[in-house]
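**Student:** Sequence:
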Amino acid sequence: QLPLSLLRTAVNHPMLVELKNGETYNGHLVSCDNWMNINLREVICTSRDGDRFWRMPECYIRGSTIKYLRIPDEVIDMVKEEVIQKSKGRGEVRGRGGPRGGRGGRGWSDKGQGKSLIAYIENSVSLYSDESPQNEKGNLFELLPSELNSFLWTLKREPPSYFFGTIHVPYTRVWDYIPQNTKVAFDEAEEVVFELDLTNPYTISALADCQLLPRGEKLDSILPPDLYQRLKRHIEYVKSMLPVWMTPDQRGKGLYADYLFNAIAGNWERKRPVWVMLMVNSLTENDIKSRGIPVLDLFLAQEAEKIGKITNAVERVEEQCVPLNELNFSQVLFALNQTLWQHEISRSMKNEARYTTEDLIHHYNCGDLNAIIFNHDTAQVPNLVNTSLPPQEMETAKLIDDYFREQLISKRNQRMTERVINLLKAYPQRSFFFAFGAGHFLGNGTIIDRLRKAGYQIEHTSPDAYIPVTDKSKRKKYRRRKLTDNYSRGNFWFQMDPGSRMWNDERKSRKERNKQRQNKPFNDLWIKMDSYNADLMAELAEKYGYPERRKNHTKPQQSHHYQPYSTATSHHQVTFTVILVMLLQVLLR
0 QLPLSLLRTA VNHPMLVELK NGETYNGHLV SCDNWMNINL REVICTSRDG DRFWRMPECY
60 IRGSTIKYLR IPDEVIDMVK EEVIQKSKGR GEVRGRGGPR GGRGGRGWSD KGQGKSLIAY
120 IENSVSLYSD ESPQNEKGNL FELLPSELNS FLWTLKREPP SYFFGTIHVP YTRVWDYIPQ
180 NTKVAFDEAE EVVFELDLTN PYTISALADC QLLPRGEKLD SILPPDLYQR LKRHIEYVKS
240 MLPVWMTPDQ RGKGLYADYL FNAIAGNWER KRPVWVMLMV NSLTENDIKS RGIPVLDLFL
300 AQEAEKIGKI TNAVERVEEQ CVPLNELNFS QVLFALNQTL WQHEISRSMK NEARYTTEDL
360 IHHYNCGDLN AIIFNHDTAQ VPNLVNTSLP PQEMETAKLI DDYFREQLIS KRNQRMTERV
420 INLLKAYPQR SFFFAFGAGH FLGNGTIIDR LRKAGYQIEH TSPDAYIPVT DKSKRKKYRR
480 RKLTDNYSRG NFWFQMDPGS RMWNDERKSR KERNKQRQNK PFNDLWIKMD SYNADLMAEL
540 AEKYGYPERR KNHTKPQQSH HYQPYSTATS HHQVTFTVIL VMLLQVLLR
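Residues in the sequence shown are numbered consecutively from 0, following the working numbering.
Everything labelled a hint here was simulated from the structure, so no lab data went into it. Model, not experiment: these values are computed from the prediction. Treat the hints with care, since some could be wrong.
Mimicking DSSO-like on lysine-lysine, the simulated pairs with C-alpha atoms at most 27 Å apart in a straight line are [as the list claims (entries may be wrong)]: (1) Lys424 x Lys410; (2) Lys155 x Lys424; (3) Lys270 x Lys410; (4) Lys252 x Lys217; (5) Lys19 x Lys66; (6) Lys424 x Lys182; (7) Lys397 x Lys270; (8) Lys155 x Lys182; (9) Lys182 x Lys231; (10) Lys270 x Lys288; (11) Lys288 x Lys231; (12) Lys410 x Lys397; (13) Lys397 x Lys19.
Using the sequences plus the hints, can you model the full thing?
**Tutor:** This is the structure:
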């Protein structure tokens, strides 16, 4: 294991970090993890050549990019004393020649002590810097549940409701690491609520429409020519690499490179620049390899519908699209240029930008409740604050980052909280499972914070915490009610979204028509007979409980709604028809 006593002792102390590209970062340590990924605050950055300086309020540095760390002397002295004490103990117990040496002793030598300690740190960093988070599985499963964390919160009421933080990655990468009690909470909830109704066809079509340029415009008419040509070359490069990037499993499922390209980047020349930026950011080898697997949110929605739960949403598509489309055009060009430049650099170095998603998955699987890590995934926009930017461009990147944080995190937190409260008040006896992006629950001004201010009692749920389970007989009753009641209420917020009413009304009327076909009354199966036998009808009425009729029957008038079955129906035909009707009645009971 990597000893982190130095770093953990250095929390809140100043430290210097030099990256492999030559840049240095001088700030106060906030936190670190087992992969030497660290957070700094009040950072002063120096470029590789030493000719540029800039400040950052906070930054996140991946361990794989670190060349060495410079730890304060007082921290080294503290750890040195700790190591001396441990070494003394080992020497006294195990050494045959005393605590300071002797045959078999494990003593401590003062010679070169500080130097060896720094060398040990540097070796540790270099040892773990190339370790990919993809190889995390064995390490994670060796940890006890109490040593991990979870993204589950419990709202204390009867029955309880739950809040679960998700990330937008293939569910297969994280599902095995989600604590079992989170899955129990999902199963126990009567209704699952998402940000958007991911199974509604209107959501998909509206999301596609909001990405398009107005009035049939194309990108080549609004982008600078050089930027457009760079973008076109990069997309052509990705298209040529798709057959190489695709996995055998994807080919086995019938996915073809052309089909996959059209699904991701089809009609890209008609899209708004901000959506092209997001598209470019997803055209990486690792993202391509994960295509065809539902992301965690969609997987939960599909599972909820599969087992008959009521599904709901607290947002409509326009509320997520409009903030992106309203970004200043010059800022959009800057963001697109920076995103494209980062991918061009990765391409030229034959090194796909893989660590962003991989680090995100690793931190999620470890239960790292760090808002800095998950805010960009929740907003679904790339981090443009690049440490290599000159000061002026850094300010522009910060402005864009602040805009996204305000529009896609803070304002949405307020809106989503209000609608969560409305749902809780409208259905006080119902258990909810709210599955939103993890960034909505981490940091300042979160949904959890706002609900607590509104008077709700919410607690973070550890992975080994107990989740109350409903009695099995009651669960069957609830499940039957869910199956019959599913979609009966429709989308709770569809009245805010006039465009979706037509789809909901059509689905409701279609369901009613199908129900009528399946439950046709028995009388609709009678066949009008030309001959009429009063005694037979009286016998059938007495046997099957029909109202008693007058004995002196007269042959009823021929209804214009029916055609005679036969103009000369024989006695045998009548008998056969009656027997057939009786059999049908028995079968349909």
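**Student:** Next step is simple, just say for each hint if it's right about the structure.
**Tutor:** The hints, checked one at a time:
no.	hint	in the structure
1	Lys424 x Lys410	holds, 22 Å
2	Lys155 x Lys424	holds, 14 Å
3	Lys270 x Lys410	holds, 25 Å
4	Lys252 x Lys217	violated, 34 Å
5	Lys19 x Lys66	holds, 5 Å
6	Lys424 x Lys182	holds, 25 Å
7	Lys397 x Lys270	holds, 25 Å
8	Lys155 x Lys182	holds, 18 Å
9	Lys182 x Lys231	violated, 44 Å
10	Lys270 x Lys288	holds, 24 Å
11	Lys288 x Lys231	holds, 22 Å
12	Lys410 x Lys397	holds, 18 Å
13	Lys397 x Lys19	holds, 24 Å
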